[in-house]
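Peer 1: For reference, the chains in residue letters:
Protein chains: 2
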Amino acid sequence: MSKLLVEVCLSPNLYLSYERENAIVVVIDIFRATSAICTAFQFGVHKMIPVAGLDKAREYKEKGFLVGAERDGVPAEGFDFGNSPFSYMTDKIKGQTIVISTTNGTQAIEAARKAKQVVIGSFLNITALCNWLKQQNSEVILLCSGWKNRFSMEDTLFAGAVADRLSASSLPYLLGDAALAAKYMFLSAQKNPYRLLHESSHKKRLHALGLKEDIKYCLSVDQTDIIPMLHGDVLVAMNS
Amino acid sequence: MSKLLVEVCLSPNLYLSYERENAIVVVIDIFRATSAICTAFQFGVHKMIPVAGLDKAREYKEKGFLVGAERDGVPAEGFDFGNSPFSYMTDKIKGQTIVISTTNGTQAIEAARKAKQVVIGSFLNITALCNWLKQQNSEVILLCSGWKNRFSMEDTLFAGAVADRLSASSLPYLLGDAALAAKYMFLSAQKNPYRLLHESSHKKRLHALGLKEDIKYCLSVDQTDIIPMLHGDVLVAMNS
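Residue numbers (this note's numbering), protein chains in the order written: chain A, 5 to 244; chain B, 5 to 244.
Note that these hints are calculated values from the structure, not bench results. There may be inaccurate statements among the hints.
Because identical chains share one entry, a pair is satisfied inside a single copy or across any pair of copies.
As the list claims (entries may be wrong) - Below, a list of computed lysine to any residue pairs in the SDA-like style, where the Cα atoms sit at most 25 Å apart:
(1) K138 / S205
(2) K208 / R169
(3) K138 / L210
(4) K67 / L170
(5) K208 / Y177
(6) K7 / P176
(7) K152 / R24
(8) K152 / Y19
(9) K7 / K51
(10) K220 / Q139
(11) K208 / S174
(12) K7 / A212
(13) K152 / E23
(14) K60 / H50
Please model the entire structure based on the sequences and the hints provided.
Peer 2: This is the structure we're talking about:
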């Protein structure tokens, strides 16, 4: 049986070096874009349109769309949502289309747009995601959004958790070097993920912004079975 | 006392996101460019001229220089050396100037060329390097050469070893996220670095090329006190 490569791409800026025609790409931005996206679908959003730039987000806002936009950890002015998962826990979003633009997450989606399939991962849907991945018999690229193209501890820990689950399955997954490193990092932090995260810069950044509850929620597992996926330019719930 | 940031840049392609005016850059390519460079200086080479492209290397060869050139783990044809440290263990290089071009290492030197100071690190000079860094009272960027811009296990382990030594000192070093991750990876692999490396792709690549002894030598510590540094476009032994 031929091996199925699982790789972790630690920054959107490295994506071209990892790109593979037959790989499914999982976009990861734990604090907080992909956690917010999973939450929005759990609360009934119909579609989400990821856009990289704030200009584009403003255009949609002017056309009457609901828009979530964040820069540097805080909601961008003049929009309906930031990227706190809590802001999407509302009936107001049910059946709606929401446009989103965030510092890192939407840039990663943009980088991977041409992949054969792009899905959204977070601790909130980790079990559903891993089970689905195992059914696809496909190579996997776990794409960390990072922070302004730099390494992100929390995204890498999540990638390591997925790499660990995939490699523990009976499928012939082969972990690339970054996936191996992320897996060992996750395993060494597993008993207490806060230990590593405690010293991480983005946690400090969010903590300073008073977002302790956001951090806690974004690290909680299996809040939803929904796997958002990119369909053309739009995110939809898988099988919707 | 103000903090001194220590960061690990996991690929030359991410260097622009990590670049800082006041940082010393340590270029790392454990298998095998920076290990070979340290060895060459230990065996008395006078200068080394790193060049990124093989065309440039050929130009120097035509001018009568000794040239070491490697691509994809094997010596490039028509040159005097590859990048095995063992090939530099010869009296032939004493007092000479050698031009070098390798798959990853010289590209990393090229990326960091404008930094205030660029030095060459490997397990072979780790103690001398760390002691010198601690005397500089400076920010540090540990630049992993990686493999064709991808993450490299062995370079990251070395960066983690340096981050660990610096953060254990009495200086006010502050580890960035990638430095923290590399440090924890190194600590979890410390008792047996072969455990992590065993599964790594580049080790497999070199092993397949029959370079087991090279791997072993490149992971041995403190074979030299010399720290090669970039002076203009040329590597020289520090204080030479």
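Peer 1: Give a verdict on every hint.
Peer 2: Evaluated hints:
no. : hint        : in the structure
1   : K138 / S205 : between (33 Å within a copy, 23 Å between copies)
2   : K208 / R169 : between (28 Å within a copy, 24 Å between copies)
3   : K138 / L210 : neither (33 Å within a copy, 31 Å between copies)
4   : K67 / L170  : neither (43 Å within a copy, 54 Å between copies)
5   : K208 / Y177 : between (35 Å within a copy, 17 Å between copies)
6   : K7 / P176   : within (5 Å within a copy, 46 Å between copies)
7   : K152 / R24  : both (23 Å within a copy, 15 Å between copies)
8   : K152 / Y19  : both (14 Å within a copy, 12 Å between copies)
9   : K7 / K51    : neither (35 Å within a copy, 45 Å between copies)
10  : K220 / Q139 : neither (30 Å within a copy, 40 Å between copies)
11  : K208 / S174 : between (38 Å within a copy, 23 Å between copies)
12  : K7 / A212   : between (44 Å within a copy, 18 Å between copies)
13  : K152 / E23  : both (20 Å within a copy, 13 Å between copies)
14  : K60 / H50   : within (20 Å within a copy, 56 Å between copies)
Of the hints listed earlier, those the structure fails to meet are numbers 3, 4, 9 and 10, in rising order.
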